[in-house]
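Trainee: Chains as they are written, first to last, in my numbering: chain G, 1 to 233; chain P, 1 to 218.
Please keep in mind that the hints were generated in silico from the structure rather than gathered at the bench. Since the structure is predicted, the reported quantities are computational estimates derived from the model, not experimental observations. Be aware that one or more of the hints could be misleading.
A few chain P residues that face chain G, going by a derived Cβ cut-off under 7 Å, partial list only [said to hold, decoys possible]:
{"no.": "1", "residue": "L50"}
{"no.": "2", "residue": "G54"}
{"no.": "3", "residue": "R93"}
{"no.": "4", "residue": "G94"}
{"no.": "5", "residue": "H96"}
{"no.": "6", "residue": "D98"}
{"no.": "7", "residue": "G120"}
{"no.": "8", "residue": "M126"}
{"no.": "9", "residue": "A165"}
{"no.": "10", "residue": "K169"}
From the structure, some residues in chain P lie toward chain G, with a derived Cβ separation under 10 Å [to be verified]:
{"no.": "11", "residue": "E59"}
{"no.": "12", "residue": "A64"}
{"no.": "13", "residue": "I118"}
{"no.": "14", "residue": "K124"}
{"no.": "15", "residue": "I140"}
{"no.": "16", "residue": "L162"}
{"no.": "17", "residue": "S195"}
{"no.": "18", "residue": "V196"}
Virtual Cβ for every residue (Gly too), placed ideally from N, Cα, C.
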Amino acid sequence: MAGFNKVVNSYEEALAGMTDGMTIIAGGFGLCGIPENLINQIKTLGVKDLTIVSNNCGVDGFGLGVLLEDKQVKKMVSSYVGENAMFEAQLLGGELEVELTPQGTLAEKMRAGGAGIPAFYTATGYGTPVAEGKEVREFDGRKYILEESITGDFAIIKGWKADRYGNVIYRHTAQNFNPMAATAGKITVVEVEEIVEPGELEPSQIHTPGIYVDRLILGTFEKRIEQKTVREG
Amino acid sequence: MALSREQIAMRIAQELQDGFYVNLGIGIPTLVANYVPDNMEVMLQSENGLLGMGPFPTEDQVDADMINAGKQTVTAAKGASIFSSAESFAMIRGGHVDLTVLGAFEVDQEGNIASWMIPGKLIKGMGGAMDLVAGADNIIVCMTHASKHGESKLLEKCSLPLTGAGCIKKVVTDLAYMEIDNGAFILRERAPGVSVEEIQQKTAGKLIIPDHVPEMTF
Numbered sequence: 001m002a003g004f005n006k007v008v009n010s011y012e013e014a015l016a017g018m019t020d021g022m023t024i025i026a027g028g029f030g031l032c033g034i035p036e037n038l039i040n041q042i043k044t045l046g047v048k049d050l051t052i053v054s055n056n057c058g059v060d061g062f063g064l065g066v067l068l069e070d071k072q073v074k075k076m077v078s079s080y081v082g083e084n085a086m087f088e089a090q091l092l093g094g095e096l097e098v099e100l101t102p103q104g105t106l107a108e109k110m111r112a113g114g115a116g117i118p119a120f121y122t123a124t125g126y127g128t129p130v131a132e133g134k135e136v137r138e139f140d141g142r143k144y145i146l147e148e149s150i151t152g153d154f155a156i157i158k159g160w161k162a163d164r165y166g167n168v169i170y171r172h173t174a175q176n177f178n179p180m181a182a183t184a185g186k187i188t189v190v191e192v193e194e195i196v197e198p199g200e201l202e203p204s205q206i207h208t209p210g211i212y213v214d215r216l217i218l219g220t221f222e223k224r225i226e227q228k229t230v231r232e233g
Numbered sequence: 001m002a003l004s005r006e007q008i009a010m011r012i013a014q015e016l017q018d019g020f021y022v023n024l025g026i027g028i029p030t031l032v033a034n035y036v037p038d039n040m041e042v043m044l045q046s047e048n049g050l051l052g053m054g055p056f057p058t059e060d061q062v063d064a065d066m067i068n069a070g071k072q073t074v075t076a077a078k079g080a081s082i083f084s085s086a087e088s089f090a091m092i093r094g095g096h097v098d099l100t101v102l103g104a105f106e107v108d109q110e111g112n113i114a115s116w117m118i119p120g121k122l123i124k125g126m127g128g129a130m131d132l133v134a135g136a137d138n139i140i141v142c143m144t145h146a147s148k149h150g151e152s153k154l155l156e157k158c159s160l161p162l163t164g165a166g167c168i169k170k171v172v173t174d175l176a177y178m179e180i181d182n183g184a185f186i187l188r189e190r191a192p193g194v195s196v197e198e199i200q201q202k203t204a205g206k207l208i209i210p211d212h213v214p215e216m217t218f
């Protein structure tokens, strides 16, 4: 009996059941806090026609950018896709669809999706192309647009430490979209740098409670830095 | 003389107040952090989930898990907090950030701003800009007054897709500090040595010129 033990021992097992046409929600901001090994496993699986929901789309050759190489992605839902030449080429060539979504709206779409809220009103995007075709409603003299929430067939998450029950802690700004994404997957898979025994993590410091987590795997990470900026020591 | 990028940042820094939580966009806005007066405490919010952004790290402090919204490696200042993107945008969309400074391609006399897309040319995305302009009451846009070809960026009506509608009230350019109210730009200050005539000539939108337009002081 596995009980609450969420640990799986291979990346094959971690993404078992992923098929063509699925929607996948990914944590990460730029290359920070991205589930890099799970992304590589999606490339290995070769599943196609994917809808990927992620703030960014990696860079050429790393992160979600690797899924563009074999044209596995049908649609991206992102707030910013600026750093990826292959992305731009496929977009302009009509091979890839993109739904540009304001960053706060994207975070809220995931949060609401995971919390069972089908849609919400926000002032963000009112009067802009983002509002096209969306219901507008006025509250207290201000106009808001209706945004629908997002859920995924899978959510892929990068954590720092977790216990075997899937309670997860993130490290520094590698937290970003990961906690919301973790709530919004039908199957949520988390890869982490360290797995400890239940009871070793302080309960009040848990970012993602294990109830959201279906599978947990220990990984090793390159953690590529997009823009290294330093000052003189 | 038109202001340099640093001088634009210095002028904006004069709008800071002690105890302000501030979000600075990429480019000239980032430079504002260099001109916070010594007797003042401000805390910088970075929308990827950091309140209390510190300076760039030294070589041995570099940490891939510690970046700002521009994806640059940074440090956390004393008293900083780190949180999720949803929490970060609750601060922004809930109106808790005291001052937002961001760049733009165009601003018009109705307070509309266009900053994220040039159809057919540039499709990078809006990032957090639409949330920032919708959520903040106190926004300063900084930009050059005109393009390299001399075309005004202060318009009667924005020509590019909007980032936000009717949300901009203050603009600092290399030539002037202006407020936007009631369908017009109001010229409040001019860059040292820049004439009111030059500003008028480079402003395509309606410009109200008060009797006295002082030069900026630094």
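Trainee: Looking at the structure, which of the earlier hints fail to hold?
Mentor: Violated: hints 2, 4, 5, 6, 7, 10, 13, 15, 17, 18.
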